[in-house]
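Chain by chain, the residues run as shown.
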Amino acid sequence: MKIIVSIKQVPDTTEVRINPETGTLMRDGVPSIINPFDENAIEAALQLKEEHGGEVTVITMGPPQADDALRQAIAMGADNALLLCDRAFAGSDTLATGYALAQAVRKIGDFDLIICGKQAFDGDTAQVPPGLAEQLGIPQVTYAIDIKVDGKKVRVKRLLDDRFEVVEAPMPCLITVVKQINEPRHAGLKGVMKARKAEIPWVTAEDIGADLERCGLSGSPTNVMRVFAPSHDHKAEKLEGEVPDVARQLVSRLRDAKVL
Amino acid sequence: MDFSFTEEQQEIFDAVDEICADFKTTACEVDESGEYPWDNIKVMAECDLFGVPVPEEWGGMGMGFLEWGVIGEKLSAACTTTGAVYAAHMLCMYPIMAFGNDAQKDKYLRDLASGKKIGAMGLTEPNVGSDAGSVQTRAEKRGDKYILNGTKIFITNGGDAETYVVVANSSPGRGTRGLTAFILEKGMPGFSFGKDEKKMAYNSLSNRELIFEDCEVPEENVLYKEGRGFRVAMDLLDIGRIGMAVGAVGLAQAAYDCAVQYALVREQFGKKISEFQAIQFHLADMATDIECARLLSYQAAWMKDQGLPFGKQAAMAKLYGSEAVSRVCSKAVQIHGGHGYTCEYPVERYMREAKLFEIVEGTSEIQRGVIALALLREAISK
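Sequence lines, in order, name chains L and W. The first sequence begins at 430 in the working numbering and counts up one residue at a time. The second sequence begins at 49 in the working numbering and counts up one residue at a time.
Some hints could be false.
Residues from chain L that face chain W, not an exhaustive set, calculated with beta carbons under 8 Å [claimed, not checked]:
hint	residue
1	617
2	618
3	621
4	623
Pairwise CB distance ranges (calculated) [stated by the list, open to error]:
hint	chain 1	residue 1	chain 2	residue 2	range
5	W	320	L	563	26 to 36 Å
6	L	460	W	103	30 to 40 Å
7	L	628	W	262	54 to 64 Å
8	W	387	L	659	46 to 56 Å
9	W	197	L	480	41 to 51 Å
10	W	275	L	625	14 to 24 Å
11	W	324	L	668	44 to 54 Å
12	W	316	L	671	54 to 64 Å
Since the hints were derived computationally from the structure, they do not count as laboratory data. Heads up, the beta-carbon is just placed ideally off N, CA and C, and yes, glycines get one too.
If we strip away everything but chain L, and leave its shape as in the complex, we get (with noise of 0.2 Å):
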């Protein structure tokens, strides 16, 4: 079965700033790794090639860095990568990215299925796979914890914050997955070696057919008003003592407060 995996490089969750002047992400000499619910995606994809043989595809939009991303990708087990990369993909919103994206999985060709993380960890918007399905015209599932592929379905169990839910669909379909799907594989030396050596196409816009009207800002209708970091300025208080005394204590605030 043919398998795309659609990727996103984000910073190191760990270390985003964001400048408080621009409003913007301070990206320099932030480390940049594949957003950590894809490395799911990326594990689930190779697990049902190993299954039921095929190949993996990775895609991702991005500057030309996100080639690293793609490189550790193939490192993990992938067979090929595609780097979308113009200038004129940026300033993409969801909607954009879905449709670049679309217009790439197009180019490949045939695919069975498409895998993607649930959400990005830096925008956290989970709006780009159905985005993509959507544009594709093909059905999506999302939040899955389990794939099952049988014949020409698809029979997913999908992690839902109360319970299980298992739905079944044809493929060619989308699916996005959960990180307690899996725990992703570490690279192996030799997928190192072979990472150092793949040749990764990367394309523009016009290579993939896309119109530069849908491309990028122009593309875009989201208009981001500020970004900012919440302030974390809430006073805290540390009680000391003795359990009983320090329990006494914190009951009395609390309804000093009126919380009980």
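Starting from the known structure of chain L, fit chain W onto it as the hints suggest.
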């Protein structure tokens, strides 16, 4: 002279660092469990760690002993037991790689390189330690077979490994020229395992007896040639010493890392203990010791990769590294004070683990002998 790694080496080591980060978090559990670290071994096999210096045609990475050494250092720093499994595996894999014929390589080296099978090497016996030439395990030739009788002890990976390189005496009275190396498989009739040693440390590392009772070994399992087993043993020990040297460096680094972290947070007399010169000097000595040991071990591995004679350097690296790791771990405990003596911190375990390096694969005294012999030979030949 260039001390930097290539981009390729660095990428490989970065990948190993990710694996080792996991091993570090479970190292304490691994030690306490008393169970051979199969979980780690499975990951190492999946990630191609075992066959690093094995040629690609035999399923390895086709890299050098320097890369193997650096990886061994990282494994030892993360989980010393896992590092020891890795080093002991090479004692079986290297002689097959260096002396085996193509049929032997096809049958045994492939699976060792992929980590599908773990290897072990049997030289030490109840009465044969440093005096490795006086092996008593008997190999008697009968037709196209050899019949082995005797016992090996302290064999790392023993019982858990599938493939064994065993040195036995095929011609008593001929001294070291009477020794022959054989490749054995777990499960061969007459080949069994005895007790697993309880030790000062390495609770989860197997060190078992190998027992041969009329064990039939086919002639084609002779490694290299009959009567050349001592040569095989000496060559594999040279490699083994690099393995021990880098293992010592890794463990010392782990102990140093704990010590420096502790010194930066522990407060006494109203300030961090890292602000006291007494502690600073300990840290300086530890770091310098580690760097010396590291450079010597990398140099020995590099010389091997360059095809240069490296036995003296390997012995120097093993001698220095093993004594350095004991000094460093002792200081790490000292910096931790009373806490360091408790099992709440890993440094007491590190200190126990460190002692092994001064003993295994040639004691420090034997290393000094090897180095001195090489030095005197060089002096005489001038």
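How the hints compare with the structure:
At a threshold of 8 Å, the smallest CB-CB gap from residue 617/L to chain W is about 4 Å, leaving the interface hint in force. Interface hint status for residue 618/L: upheld, as the beta-carbon distance to the closest one in chain W is roughly 4 Å, under 8 Å. Of the supplied interface hints, the one on residue 621/L holds, with its beta-carbon coming within about 5 Å of a beta-carbon of chain W, less than 8 Å. Annotation: interface hint on residue 623/L violated; nearest CB of chain W at approximately 11 Å, more than 8 Å.
Range check, residue 320/W to residue 563/L: Cβ separation about 57 Å, and the 26 to 36 Å hint is violated. Roughly 35 Å separates the CB atoms of residue 460/L and residue 103/W, a value that falls within the hinted 30 to 40 Å. Hint check: residue 628/L to residue 262/W, Cβ distance near 59 Å, so the stated range 54 to 64 Å holds. Look at residue 387/W against residue 659/L: about 38 Å separates their beta carbons, and that is not inside 46 to 56 Å.
Distance hint check for residue 197/W and residue 480/L: the Cβ-Cβ separation is about 49 Å, which falls inside the suggested range of 41 to 51 Å. Remark: the range hint 14 to 24 Å for residue 275/W to residue 625/L is contradicted by a beta-carbon distance near 45 Å. Checked against the hint of 44 to 54 Å, the pair residue 324/W and residue 668/L fails, with Cβ atoms roughly 34 Å apart. In this structure the supplied range 54 to 64 Å is violated for residue 316/W paired with residue 671/L, their Cβ-Cβ distance being about 26 Å.
Consistency note: the structure conflicts with the earlier hints numbered 4, 5, 8, 10, 11 and 12.
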